[in-house]
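Colleague: Position chain P relative to chain G; hints supplied.
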Amino acid sequence: MGRLRSLLIPGVDKKLLVRDAVKVMPDLARRRFIAGGASLGALTLLTGCDVSDSFSAEDMLKKVSKFNDAVQALIFNPDALAPTFPESAITKPFPFNAYYDLDDAPTIDGKEWKFEVRGLVDNKKFWTLDELYKLPQVKQVTRHICVEGWSAIGSWTGTPLRDFLKLVGADTRAKYCWFQCADAEGYNSPLDMATALHPQTQMTFKFADEILPRAYGYPMKIRVPTKLGFKNPKYVISMEVTNDYKGGYWEDQGYNSFSGS
Amino acid sequence: MSSLAASDERAVQATARVIQPAWVRTVHWINAVAMILMIMSGWQIYNASPLFSFLKFSKSITLGDWLGGALLWHFAAMWLLMVNGLVYLALGLATGRFRKKLLPITPAGVISDAKAALTGHLSHDDLTRYNYVQKLLYAGIIAVGVVIVLSGLSIWKPVQLQWLTALFGGYDVARYIHFFCTSAIVAFLIVHVALAVLVPKSLRAMIIGR
Numbered sequence: 001m002g003r004l005r006s007l008l009i010p011g012v013d014k015k016l017l018v019r020d021a022v023k024v025m026p027d028l029a030r031r032r033f034i035a036g037g038a039s040l041g042a043l044t045l046l047t048g049c050d051v052s053d054s055f056s057a058e059d060m061l062k063k064v065s066k067f068n069d070a071v072q073a074l075i076f077n078p079d080a081l082a083p084t085f086p087e088s089a090i091t092k093p094f095p096f097n098a099y100y101d102l103d104d105a106p107t108i109d110g111k112e113w114k115f116e117v118r119g120l121v122d123n124k125k126f127w128t129l130d131e132l133y134k135l136p137q138v139k140q141v142t143r144h145i146c147v148e149g150w151s152a153i154g155s156w157t158g159t160p161l162r163d164f165l166k167l168v169g170a171d172t173r174a175k176y177c178w179f180q181c182a183d184a185e186g187y188n189s190p191l192d193m194a195t196a197l198h199p200q201t202q203m204t205f206k207f208a209d210e211i212l213p214r215a216y217g218y219p220m221k222i223r224v225p226t227k228l229g230f231k232n233p234k235y236v237i238s239m240e241v242t243n244d245y246k247g248g249y250w251e252d253q254g255y256n257s258f259s260g261s
Numbered sequence: 001m002s003s004l005a006a007s008d009e010r011a012v013q014a015t016a017r018v019i020q021p022a023w024v025r026t027v028h029w030i031n032a033v034a035m036i037l038m039i040m041s042g043w044q045i046y047n048a049s050p051l052f053s054f055l056k057f058s059k060s061i062t063l064g065d066w067l068g069g070a071l072l073w074h075f076a077a078m079w080l081l082m083v084n085g086l087v088y089l090a091l092g093l094a095t096g097r098f099r100k101k102l103l104p105i106t107p108a109g110v111i112s113d114a115k116a117a118l119t120g121h122l123s124h125d126d127l128t129r130y131n132y133v134q135k136l137l138y139a140g141i142i143a144v145g146v147v148i149v150l151s152g153l154s155i156w157k158p159v160q161l162q163w164l165t166a167l168f169g170g171y172d173v174a175r176y177i178h179f180f181c182t183s184a185i186v187a188f189l190i191v192h193v194a195l196a197v198l199v200p201k202s203l204r205a206m207i208i209g210r
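Protein sequences, first through last, are from chains G and P. Following this note's numbering, the numbering of the first sequence begins with 1 at its first residue and continues without gaps. Following this note's numbering, the numbering of the second sequence begins with 1 at its first residue and continues without gaps.
Some hints could be false.
Taking CB as the label site, the calculated pair distances span [to be verified]:
1. P:W79 - G:R118: 34 to 40 Å
2. P:R99 - G:T172: 19 to 25 Å
3. P:P21 - G:L74: 31 to 37 Å
4. P:S60 - G:T91: 30 to 36 Å
5. P:V186 - G:P78: 52 to 58 Å
6. G:E185 - P:V186: 34 to 40 Å
7. P:R17 - G:P78: 54 to 60 Å
Computed cross-link-like contacts, DSSO-like style, restricted to lysine-lysine with a CA-CA straight-line distance of at most 27 Å [unchecked claim]:
8. G:K246 - G:K124
9. G:K246 - P:K115
10. G:K92 - G:K139
11. P:K115 - P:K135
12. G:K175 - G:K63
13. G:K63 - P:K157
14. P:K157 - G:K92
15. P:K59 - G:K63
16. P:K59 - G:K62
17. P:K56 - G:K92
18. G:K139 - P:K157
19. P:K135 - P:K59
20. P:K157 - G:K175
21. G:K124 - G:K63
22. P:K115 - P:K101
23. G:K125 - G:K206
24. G:K206 - G:K139
25. P:K157 - G:K62
26. P:K157 - G:K66
Derived from the structure by calculation, the hints contain no laboratory data. Since the structure is predicted, the reported quantities are computational estimates derived from the model, not experimental observations. Positions of the beta carbon are idealized from the N, C-alpha and C atoms, including for glycine.
Isolated chain P, as found in the complex:
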């Protein structure tokens, strides 16, 4: 009995040590590939008709070589992004991960954790629990992900999905929203990667789970 109980305990400890379950790691890395393909091809598409005359993206960070190639990449990678994103949302809701990891988000908590982060006092000791700044950023980036896909669909299908395009304020406005969502994701990505490098065990957890 005692040995059984002990092995049970070990099993519990082993599961408790898993910070990122396999499904999270899988969708995370698929998303990483899809996002990078979408961003780089998206910048090439942007270059064909820039929204801002002062902003064009260098060939070194774009994909597809010209508009036609970039569109092929963009409309191929979108399936990867959308299907993977839907799996992520479905599992995040079904397993209760979103609720457990991201809620609640309180303004007071965000403010105090933001202060702690800026003064270098925010601890990353317990990777299983997100601080309020992380909660806000991760919940926010999920929302941005939803908006970027919907605004993308509204640009792609402004006749068939005209209700959606209208919801975004029309075709031209939807283009700006799509662009700003990309910019928000890139900004997130820079911080996200920088912190993963600063806290390597978080990167390890996203690769091997613990």
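Bound-form chain G, shown alone:
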């Protein structure tokens, strides 16, 4: 681990990392767009209308975002593969990105770690890393696109999620696979079933042919090349197959929930 960290940190400026983390950090001020001039609710107060009938820009924007979820689900082609690249195209160093500093990333003991599979599956159980490592793996070199706009090409190796869902007898008619992570603030994110079943959606155990480093989500991340980066959870500790929309860390703060590429 120490060796891996020393490999990772060169080229990654810690100050920039903190700045980036602060930039994407949710805070009360960020919610001001809701309460500020954008609120037409205040206008209805002035005109004496009932407040409960008030129309706010935030409600309208949320509705459009839900509509956009539906549009994206509709145009999502389960057979369209994300473009793949030669190994020479891999971005080096591949950026670490989170809403916290790398020093605050979860430190997970692979021997202790277990992956809980629950919900609408025949075989609910806790998987050890050794058990997961025995599953067939495939490699992909694809582009990771961040919601912020930047992108980077990486190499990820792991088990296609759809194979695993079949293995555990998941009800693939369910709407979501909901992932929970070990991050301090309890990162989580829902993945629509169509995307979960996409051939390139992967339970990732390796980055650039090496055991997934801590920066990129050791021991397991879910690599989804048809989604924006924040829909690619790291440090995953559980998956629930469910029909309920359980929200997500960023989704609850306003990022579009489908966020397909």
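Modeller: For chain P alone, coordinates are given in the frame of chain G:
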């Protein structure tokens, strides 16, 4: 008979005086609102990962307060922009307005009108006819509008619309194209608004039609 003929004539004159028909005025102002929402939220999105380290947009000219809010605005206003833009293109082609107002554009005409404009000799007496510089700029900004929407779609859907993204030279190049199109539209907007203020009757025509 004569009174009938006279009223016909008045009707013809009345229609002739309409410089901007109602549909043009409607799509123009809807477009103005959509564009401003797209530009301001777009600048906020840009700030999350600036393409140029020296360029960040002030909070006073951005919309959405943070990346998530800006994205909500951007992906809501895009529908307004796209639907309104398609109506504009369809009606512009179907009514022959594009052909009548914007064509032909000749290099010689553009050069002589540009010279006249720069020396202050270009007249705006007849608002129903565009000079060559106007023709070039209005045709150009329509083209930029098409490219900005297509490059935007290619950034939004680089997997589902990967052929489009490839057409723009890949995801990263498409981001630059999208940004430069915005910059071109903002530059156009500055000139456009300045001239509307300098020639107020053109602004009046875009509000009440004549």
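Colleague: Evaluate each hint against the coordinates.
Modeller: Each hint, compared with the structure:
no. : hint                        : in the structure
1   : P:W79 - G:R118: 34 to 40 Å  : 38 Å, holds
2   : P:R99 - G:T172: 19 to 25 Å  : 54 Å, violated
3   : P:P21 - G:L74: 31 to 37 Å   : 35 Å, holds
4   : P:S60 - G:T91: 30 to 36 Å   : 34 Å, holds
5   : P:V186 - G:P78: 52 to 58 Å  : 39 Å, violated
6   : G:E185 - P:V186: 34 to 40 Å : 38 Å, holds
7   : P:R17 - G:P78: 54 to 60 Å   : 57 Å, holds
8   : G:K246 - G:K124             : 19 Å, holds
9   : G:K246 - P:K115             : 64 Å, violated
10  : G:K92 - G:K139              : 18 Å, holds
11  : P:K115 - P:K135             : 15 Å, holds
12  : G:K175 - G:K63              : 20 Å, holds
13  : G:K63 - P:K157              : 21 Å, holds
14  : P:K157 - G:K92              : 25 Å, holds
15  : P:K59 - G:K63               : 25 Å, holds
16  : P:K59 - G:K62               : 22 Å, holds
17  : P:K56 - G:K92               : 26 Å, holds
18  : G:K139 - P:K157             : 23 Å, holds
19  : P:K135 - P:K59              : 35 Å, violated
20  : P:K157 - G:K175             : 22 Å, holds
21  : G:K124 - G:K63              : 35 Å, violated
22  : P:K115 - P:K101             : 21 Å, holds
23  : G:K125 - G:K206             : 23 Å, holds
24  : G:K206 - G:K139             : 9 Å, holds
25  : P:K157 - G:K62              : 20 Å, holds
26  : P:K157 - G:K66              : 17 Å, holds
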